[in-house]
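Asker: Residue numbers (numbering that gives the first Met the number 0), protein chains in the order written: chain A, 0 to 409; chain B, 0 to 230.
Derived from the structure by calculation, the hints contain no laboratory data.
It cannot be assumed that every hint is accurate.
Claimed, not checked - Under 7 Å between C-beta atoms, here's a sample of chain A residues computed to sit facing chain B:
1. Q17
2. A21
3. G324
All values derive from a computational prediction rather than experimental measurement.
Just so it is clear, CB atoms sit at the ideal spot from N, CA and C, and this is done for glycine as well.
Given next are the chains, with one letter for each unit.
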Amino acid sequence: MIRDSFALLGEYTGMAWQSIIAHKMRSILTTLGILIGVTTIITIWTTIQGLNTYIGSVLSDIGNSVVYVEKYPWVIKGDFWKYRNRKNIGWREYEAIRRHSRLARAVTPQVVASRVAAYDDKKLEQVAVLGTTESFTETGSVTPESGRFFTGADIRNKARLTVLGAQLAEELFKKSNPLGKRIRIGDMKYKVIGVLERQGDFFGQSRDNFAIVPIGTFRNVYGQQRGLQIAVLAATSAELEDLKEELRGILRQTRKVPAADEDDFAINQMDQLTGFYEDATATLYAIIFIIAAISLLVGGIGITNIMMVSVTERTREIGLRKAVGAKKNNILSQFLMEAIALSSIGGVAGILIGLLAGSLILSLLKVTGGVDFSAIFVGFGFSAFVGVVSGFYPAYKAATMNPIDSLRYE
Amino acid sequence: MLIDIRALSKKYLLGTVRVLALNEISLSIERNEYVAIMGPSGSGKSTLMNIIGCLDVPTSGSYTLNGQAVASLSDDELATIRNKEIGFVFQTFNLLPRADALHNVELPLIYKGVPKAERRIIARETLEKVGLGDRMDHKPNELSGGQRQRVAIARALVNNPSIILADEPTGNLDSTTGEEIMKLFADLNAAGNTIIVVTHEEEIARKSKRIIRLRDGRIVSDETVEHEAAV
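One chain only, chain B, in its complex shape:
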């Protein structure tokens, strides 16, 4: 089991109000799954994503990622886990504006301690994998939205993480480009990657193989998606 979440709760203070963002949820995800997490705003899906992504720790319950209990790790230990196990894709891409595509993709490798020459080679290969072999020396402002998101996906892939965690990955893209990005995720999943997409769009969620719906900090449904006619 890649992700094993048991009776996990997250409470936090919003001003003076105690909010129960996640209420005793349990969930498991296997390697090579393609999961969409859905829910309206305030449903707790962002909190769940932050915890799965090791950016945050639960108030109670357990979370085991790739055999390692991560619920009680320190900030630096979480950073190491994120570096090794998680590849993030954000709605706003979050690329370094002054660095070219290649350098943006290299970033996780820097913190992994990979030597420069080796880093270059790996980043190059990864950019080719997402179809940007000819845009390596372009800065983010010289790239289209779709291309930027591809750079971000290459950055997420470069460390060979256990999970690609995408937060509204098509939110800032037009529908055609959005389709292309979702196609890329499907291809990556077919190649063996585990993908978790957080979204509020039904159409995007439908591209995955399993949809988990949240409401008020609880899982309200967990269904397998039937893909009738393959493209």
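Bound conformation, chain A alone:
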């Protein structure tokens, strides 16, 4: 029986197509619900898949064995003021970690300000200035593309030297060689000793538009009071959790946190961002699932309805097909195929529109990287499933009609 219907698959498809063509307007209106449902699914699916790939590739650049000691956690839940009243993280904490941590391979203090950068007659507003130490190459996983990074001596001497991000170097110097030139950052002049490798964009924001100076120089110029961010690289990524515990101990002691109180600092990690992102996408998934389910349900009911009409209209045809030898299964398959074809039209159109819309959203978000074509299977699977479910009752009704009565039907 199953082999039977397989051999006749081509016939059923042809019959379905003929019937749909014969009622173009009715078919289009019927499949509209499916179209909307599948478009929704595919648009969001494409967008999220694109974001996942993109964010995954960017985050893996940043490195997962580094934790950041800061005043604020990266994802704030609840009362912002609780965090605001905390003491800044300062030089004392940095020194304590550097001296006492046994699991840290590198400890890097970082402090950031925004200043005007200028060279010759070229002037750029709002350039990020990062004050740090020589170990930034390890914790920040950056490498100079040309020239060199700071040495320990440069840092200790609070030298008036700077290393530039690739984007900033390009904008200030165009094609000329920046090495050895003097640029102005804020009110101070620095000699360029290196340019870093390009890191690329993140959602259209350049990650290469900054200048690095020795932290001592930064503090002399821009003030001591500014809070620090301390990046700590674990000796091995397996020891990351142990490292966090060790840091907590050191910090609580240094900051004299009473035993009963909670931490008054945050130890941040990339996981938090990915976790936050995953929570956000899970919500998004739940929302599309509901929207799609509703429109597919409505679309499915539309298909059931129109298939009931189609079966009634063709009662005599069904009687005749049975008279000349069609079995129940033949009739069932014929009408089931018609329902599947009907919903697949909406499905295919929805896939196309959804892929276009998804790519458009990704390009507006400045997310690069390809579109994930697994969405095609999702869309096709959904519409075929709706076709089968919504077509089953009318098809079953057709299949079990009595041939004598249906041949006489007026």
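Got chain A sorted already, so can you dock chain B onto it with the hints?
Answerer: Structure of chain B alone, referenced to chain A:
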């Protein structure tokens, strides 16, 4: 014996009334016979036709078609028998309106599982046999009543069935066209086909070779028709 019916009864419920449509009838028909079944409405002739055509099963009694007992078969088994043994011709033609003549004739072959290319050839030959070789790609609404009935006859013939079962085949045709269709049946019978025509018109029944008359679910006469002057 092609058809062997013994003590066959059919009862059914019409609302709350039990109707005895066929009352213990026995009947046999040989291969290559040309039989007319006659009777006024309510005589049971339609019920008998439905049972002979394997569209319905009797309440009691036996029916053997071409050596096979069909009284107790399932719906799907009956469908297979109809496909193989019976060619139906209806008063209202019952063609698929959106399909051309060729495709209409192919229909029984589809359910027999004949491959497409082969189907085309057989359907073409059959349409030529009924004189419609030049109308194969016409849809039913592009054909005259007589031509439509010829398409239906070609569809009935295409599977080489044991019986052609025609239910009032001239009922929707004018008398000249009706004559032509009856001539076609006579030719088909002469070529070896077994034909059973159900009708209430004496004139149509007279074209057959044997007339079986029903009244109130019983056979009241079974006579051979004398054809004096051949046309």
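Asker: Now tell me if each hint is right for this structure.
Answerer: Results of checking the hints against the structure:
no. : hint : result
1   : Q17  : holds, 6 Å
2   : A21  : holds, 6 Å
3   : G324 : holds, 2 Å
Violated hints: none; the structure is consistent with every hint.
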